Amino acid sequence: MRILGIESSCDETAAAVVENGERVLSSVVASQLDTHGKYGGVVPELASREHLRAVVPVVRAALEQARIRLEDLSAIAVTEGPGLVGSLLVGITYAKSLCFVSGVPLIAVNHVEGHIHAVILEARGRGEVIPFPTLALVVSGGHTHLFECRAPGQYRLLGKTRDDAAGEAFDKVAKLLGFGYPGGPVVDHLAPFGNPTAIRFTRAKMKGNTNDFSFSGLKTAVLRWVESRGMEQEIERRRELLRTNPRPAPEQWLEVTPAPTLDLLASFQRTVIEELLRHVARAAEQIAAASIIVSGGVACNSGLRQAASAVRLGVPVYFPTPGLSTDNAAMIAAAAFIHLERGDFSAMSLTARANLPLVT
Amino acid sequence: MPVVRTHSEAETIAFGRELAGTLPSRCAVLLIGNLGAGKTTLAKGIAEGLGAAPAEEVSSPTFTLIHQYSEKLFHIDLYRLDTIGEVRTLGLDEIFDREAVVLVEWGERFPELMPELSIEVHLRCSGEGEDREIEVIYPGSDSRV
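Chains A and B, in that order, give the protein sequences. Residue numbering for the first sequence follows the working numbering, starting at 1 and increasing by one per position. Residue numbering for the second sequence follows the working numbering, starting at 1 and increasing by one per position.
Derived from the structure by calculation, the hints contain no laboratory data. All values reported here derive from a predicted model rather than from experimental measurement. A virtual CB, placed ideally from N, CA and C, is assigned to each residue, including glycine. There may be inaccurate statements among the hints.
[As the list claims (entries may be wrong)] When the alpha-carbon atoms are kept at most 30 Å apart in a straight line, the in silico DSS-like pairs for lysine-lysine are as follows:
#1 A/205 - A/175
#2 A/160 - B/72
#3 A/160 - A/205
#4 A/160 - A/207
#5 A/160 - A/175
#6 B/72 - A/207
[Claimed, not checked] Simulated DEER-style distance windows between Cβ atoms:
#7 A/245 - B/5: 18 to 26 Å
#8 A/100 - B/34: 48 to 56 Å
#9 B/83 - A/206: 33 to 41 Å
#10 B/5 - A/239: 29 to 37 Å
Given the sequences, and given the hints that come with them, work out the whole structure.
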């Protein structure tokens, strides 16, 4: 059984074909396509107009790479939400049209459920079975959510961010220090060169649900630290570097980043990671989790990966490979298999839901 | 309205609740202030005051760009957009045309795309810790009301 997945909830237009919920036959993300060849120019993958331009070639590429015809699919899965309505609608409308012409059934998938399934998909591909119940941390530029997952397809929200997402905190700290936006990956590359215990940031105190996160205070603390130290000159040097080279290598960043700033990056990154893992450890205990899943763009962070294995959470921790950490459509197709098994198909009246919650 | 001083996140949220009661049912509110000035915190209070969402449900829309909390409240954040072309593709006009309160963070960077009669709320950190100064400026008044 093969499912075509289509994802267009935020910046990325993506399509993929997945077989039996365990093998990725193709996974195409528009921003990774040869932008000069396929449809010319640089594509800022933003909002509906860009999705509209990308969706047809991206789906075609996914079908071609998987060597499959539309008629041979078991279903077409599409992200229903959460996300930007205009962007979601492009994927949904195209998926519906494909279903209409091919007679293949339509399946609606929650984007966040997709992130969780990116990990389940890869484990199944390796012949591994993730033990349930699992605790899922979905952490990206737009999400920081903790879910209890008793079985595939059964989710309960345990906590989420009350202000900034963890990935957003990385990107904003990078930007205020002159590393451009989104600069989360730059912080991760440079953090190992600094002292992670040089600066002690105070931990956010949560009233109410202690499984909730808060990263806004940490962001503000970094801003105050920077403002109090008169770092304008070095920040300007980094902005200058970005103007001459949009993607500097880590060595080039190191040339314009003095030791105290590296210490700041390392301390900031350590604080975010500790905050994430502290929540994960406590929630895993609460639900007696047999495993932990970490997914979403921040799952690429090497510091987080190392720390998650080093702190001995007591149960196996699963991360997706980088390609399936950030937004992609293979995860949407993978999540759709659960719906396919249950015969949980969508009507052609399916519409975008910007605030779609993940609850069952 | 004179400059209001709040001394904690809870007070900023409380002021947002109060402010919500004075807003027309259809308006754009530009939340203006640096990172960490309390824009999203104030949005939490406004959402509660309008009965659109509890404070805990209101989070930063930086990555997602637009959050809609009910038919009557939108929360937009243009921080990560750099060019006017990018902002245009969001189709904000359609949102400004609705019978809704539209909160916009970093909207002052794109004045051409903001409604002429926007209400401005300026937020500043004052002193150490959680102290904030909040100033509301209604359109058409040079003097601050």
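We went through each hint and held it up to the structure:
1. A/205 - A/175: holds (26 Å)
2. A/160 - B/72: Between residue 160 of chain A and residue 72 of chain B the Cα gap is close to 24 Å, so the pair holds against 30 Å.
3. A/160 - A/205: holds (14 Å)
4. A/160 - A/207: Between residue 160 of chain A and residue 207 of chain A the Cα gap is close to 13 Å, so the pair holds against 30 Å.
5. A/160 - A/175: Holds - the C-alpha atoms of residue 175 of chain A and residue 160 of chain A are around 24 Å apart, at most 30 Å.
6. B/72 - A/207: holds (28 Å)
7. A/245 - B/5: 18 to 26 Å: Violated, since residue 245 of chain A and residue 5 of chain B (Cβ atoms, about 45 Å apart) do not stay within the stated range.
8. A/100 - B/34: 48 to 56 Å: Since residue 100 of chain A and residue 34 of chain B have Cβ atoms about 50 Å apart, the given range 48 to 56 Å holds.
9. B/83 - A/206: 33 to 41 Å: Check passed, 37 Å falls within 33 to 41 Å.
10. B/5 - A/239: 29 to 37 Å: At roughly 34 Å between Cβ atoms, residue 239 of chain A and residue 5 of chain B fall inside 29 to 37 Å, so the hint holds.
When the structure is compared with the earlier hints, a violation turns up for hint 7 alone.
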